[in-house]
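Following the hints, put chain B in place on chain A, whose structure we already have.
Chain residues, written in single-letter form:
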Amino acid sequence: MSKLFAFTLGTLSAIGGFIDIGDIVADAQVGARFGLRLAWVTLFSVAGIMCFAEMSGRIALKTQRPALALARSRLGPRYALFGLVGSFLVTGLLVMAELAGVALALELATSVHYLLWVPVAAVLVLAVIWLLPFAVMERLYGILGLAMLVYVVAVWQLGPDWSSVLDSATTLVPTAGESWGAYLFFVVVLIGAQMTPYEMFFFSSGAVESRWRPKDLVEMRVNVVVGFPLGGLLAVAIQAVAFLVFFERGIHVEHISQTALPVAVALGKVGLAIAILGIFAATFGATLETLLASGYDVAQYFGWSYGKLQPPVRASRFTTVVLLLLLGSTALALTTVDPITVTILAVVCSAVLLPFLFIPVLLVGNDREVMGDLANGRLSNAVGTTTIAVSVVVSLAALPLLVLTRAGAA
Amino acid sequence: MSRHVSVRHGLLDKQIVDRDRLPVGRVDDLELAVEDGAVVGVEAILTGAQALGERLGGMLGRWLAGSAARLRPGGGEGPTRIDPALVVELEPFVSLSARLEELPDVAGLERWLARNVVGRLPGAGDARE
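One line per chain: the protein sequences are A and B, in this order.
Just so you know, this note's numbering puts 225 at position 225 of the first sequence, and the rest follows in order with no gaps.
Just so you know, this note's numbering puts 28 at position 28 of the second sequence, and the rest follows in order with no gaps.
Hints are all accurate, no fakes.
Short derived list, chain A residues pointing at chain B, Cβ under 10 Å:
id: 1; residue: Thr63
id: 2; residue: Arg72
id: 3; residue: Pro77
id: 4; residue: Val85
id: 5; residue: Ser305
id: 6; residue: Pro311
id: 7; residue: Ala315
id: 8; residue: Thr319
Simulated from the structure, these hints should not be mistaken for laboratory data.
Only a predicted model underlies this, so the values are computations on that prediction, with no experimental measurement involved.
The beta-carbon is built from N, C-alpha and C at its ideal position, and this holds for glycine as well.
Here chain A stands alone, though its shape is the one from the complex:
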């Protein structure tokens, strides 16, 4: 029973990590403009993030240290500092975006403006971090996050012409009226939103916090193999409902409320309520993950004590970083800066950083001195190297595409 429990736990956290504000926004926009013509990107992202989550999970099991903590002794303090600053800035921006996402979900439910909900959401996040143990916290938003499955139900309920759906998914060129630039820009956005490095850091830090050991290898792998594809399925379902409801009518997604609209069209009020709950849980979980992942990054780089297992006073610098980041994100969200703009900017910057954060993990995973019999096999290396090769191209193209297409403006 406890095995089953631990299994659902990790799997749920994998879904929670995959579907966040960046995903919800990007998938809905992509579905409305390109139908399922970018669904292949999600397939690639799922394979890539599975590979690196598994690798960093394996490193954590073997060494009882998260992957990035080893990067500094491996690649030197300068490289690791660059990775730290970069991922802290990007993940920090995401904290703000996720927090705004929680507030927007509450606005959807109550019709009270989201800016009024931002402080409430921040207090709620603080209370959960302060009061709940790691495992309960993961379980809470993981189970609530299953509400996102309503998007999959909505696809069926909308009764699409399956041959046109398949046709869209297998056509790998921009839709009529869309440029290649915008198409490629959204490839970058989807990769940035779906292969977010914080998922990898959170997964490996979580494995350390849950005190997983090499004997838990199978369990860890089951989590990866079930969790991330489920997240990918949800992502494609969001693209599909946006395609079915918005694309034909030429509606563009400019507000997060629109991402729940197709579910309302398909399933009525009850469906809408479940979708709002799902969005709330996904963004809430992602707020916790991005916040803690940023704290882990800093603490591990400097060798501080960290983590949620011990009393906050025993990890006072870690706790202070997390609290300050939450405060800063709340302040940033309250400046009325558009959450969707921030989200898109954050995921594009995240895409730029990808290779720099993946390479150290691949290097440590291959080090037989550290990893022994748990070192990377051929499959890990093949998928990992391919992912890095693609991410290098994505990284180089991301900023030029952002500027040239004016963030994919239609």
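Here is chain B on its own, set in the frame of chain A:
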């Protein structure tokens, strides 16, 4: 066991833990003992962002060292030092024979924050498991 350890791979930047395996910091720099112009051993392990900043150099390094020095309660001069005689193990962590509480100079900011900020919040001393 070999008595030779690569400084770059076996010592620098490694995690330091205390007797109870609690994180102390990283090996941010080393001070070498020099006699007649020859290196004869390690004089001190330097830990903390000040030591790291001074080692990195450049604008970022200076900024890091400067802010770390200013954030250090008590304002001791120079980076925090750990006596290498306390080291009992190098793998997988640099383990010390002392407990963190017995090293008053180390992790000053951690203690200051624990005492003056985090410790004052309700429930800060409660374990979460």
